[in-house]
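Undergrad: Given the structure of chain A, go ahead and fit chain B onto it with the hints provided.
There are 2 protein chains.
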Amino acid sequence: MSDQAKLPKPPYYVVCFSSQRTEGDHGYGDMADAMEQLARQQPGFLGVESARGSDGFGITNSFWQDEESIRAWKRNVDHLVAQRLGRQDWYETYELRVARVERAYGFRRTT
Amino acid sequence: MSDQAKLPKPPYYVVCFSSQRTEGDHGYGDMADAMEQLARQQPGFLGVESARGSDGFGITNSFWQDEESIRAWKRNVDHLVAQRLGRQDWYETYELRVARVERAYGFRRTT
Numbered sequence: 030m031s032d033q034a035k036l037p038k039p040p041y042y043v044v045c046f047s048s049q050r051t052e053g054d055h056g057y058g059d060m061a062d063a064m065e066q067l068a069r070q071q072p073g074f075l076g077v078e079s080a081r082g083s084d085g086f087g088i089t090n091s092f093w094q095d096e097e098s099i100r101a102w103k104r105n106v107d108h109l110v111a112q113r114l115g116r117q118d119w120y121e122t123y124e125l126r127v128a129r130v131e132r133a134y135g136f137r138r139t140t
Numbered sequence: 030m031s032d033q034a035k036l037p038k039p040p041y042y043v044v045c046f047s048s049q050r051t052e053g054d055h056g057y058g059d060m061a062d063a064m065e066q067l068a069r070q071q072p073g074f075l076g077v078e079s080a081r082g083s084d085g086f087g088i089t090n091s092f093w094q095d096e097e098s099i100r101a102w103k104r105n106v107d108h109l110v111a112q113r114l115g116r117q118d119w120y121e122t123y124e125l126r127v128a129r130v131e132r133a134y135g136f137r138r139t140t
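Chains A and B are the protein sequences, given in the same order.
Following our numbering, the numbering of the first sequence begins with 30 at its first residue and continues without gaps.
Following our numbering, the numbering of the second sequence begins with 30 at its first residue and continues without gaps.
In isolation and in its complexed conformation, chain A is listed as follows:
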């Protein structure tokens, strides 16, 4: 039921990627699935959480061990192709913020 990532204790890093999709799919869904599978195989990958509303605005927070693993993923050849298609076809806008997670806590219903 929950898509919440299971993460180690901080510190670790988060990439906050928010985007407004263009109209239509243009191969986006298949590529998004493929990129998530590929990201999960990268060194330093810790987890990912993603949500997109019916208005096409979405947020993906991906979690990484350190800045170097984030930079390596950005340079991945297959990911570079997806990044180019994102600017060409899939996104009206996006913003990407890299941040160091310093503390974390959560809640889980028990009843």
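To be clear, the hints were calculated from the coordinates, so they are not data collected in a lab.
Accuracy of the hints is not assured; some may be wrong.
These stretches of chain A come out as covered by chain B in the derived footprint (C-beta under 8 Å, 3 or more residues) [claimed, not checked]:
hint	stretch
1	41–55
2	69–83
3	124–138
In silico lysine-lysine, DSSO-like type, Cα no more than 30 Å apart, as pairs [as the list claims (entries may be wrong)]:
hint	chain 1	residue 1	chain 2	residue 2
4	B	LYS38	A	LYS103
5	A	LYS38	B	LYS103
6	B	LYS38	A	LYS38
Which bits of chain B does chain A cover? Going by a derived footprint, with three or more residues having C-beta under 8 Å, they are [claimed, not checked]:
hint	stretch
7	38–48
8	74–81
9	124–134
A virtual CB, placed ideally from N, CA and C, is assigned to each residue, including glycine.
TA: Then chain B, alone, in the frame of chain A:
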């Protein structure tokens, strides 16, 4: 069209709040709107981005000037009421991560 926050240059802070909603509204929608309006009035508030999918999983990334403004918002009396109702009625699970944004960039379609 876009819900993307306009933010100053880093450094600043992000609170990544991800949650799985319970079934039904239980007053959630009205309270979520009220809390966003209230957050916007807090000292140090910089912006907020939010998305929730049809499966009830959502992410809200709120942006703040510093850690003290985040701690003050957590202690806000009206917000404390909402936090309690969140655990009582609205959320199956949530995770909250506080992170220091170190770099940021974006894309905007021009054609």
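Undergrad: A separate judgement is required for each hint: does it hold in the structure or not?
TA: Evaluation of the provided hints:
A stretch counts as covered by a chain when three or more of its residues have a beta carbon under 8 Å from one of that chain; for the stretch 41–55 of chain A and chain B the count is 6, and the coverage holds. For the stretch 69–83 of chain A, the assignment as covered by chain B holds, since 6 residues bring a beta-carbon within under 8 Å of that chain's beta-carbons and 3 suffice. Remark: the stretch 124–138 of chain A is confirmed as covered by chain B, as 15 of its residues place a Cβ nearer than 8 Å to a Cβ of that chain, reaching the required three. Between the alpha carbons of LYS38/B and LYS103/A the distance comes to roughly 21 Å, so the proposed pair stays at or under 30 Å and holds.
Of the supplied pair hints, the one linking LYS38/A and LYS103/B holds, its CA atoms being roughly 21 Å apart against a limit of 30 Å. Taken as a hint, the LYS38/B and LYS38/A pair is honoured in the structure, with Cα atoms around 28 Å apart against an allowance of 30 Å. Counting residues of the stretch 38–48 of chain B whose CB falls under 8 Å from any CB of chain A gives 5; the rule of at least 3 is met. Residues of the stretch 74–81 of chain B with a Cβ under 8 Å from some Cβ of chain A number 4, which satisfies the need for three, so the listed coverage holds.
Counting residues of the stretch 124–134 of chain B whose CB lies closer than 8 Å to any CB of chain A gives 11, so the stated coverage by that chain holds, three being the minimum.
The structure is consistent with each of the numbered hints, conforming to all of them.
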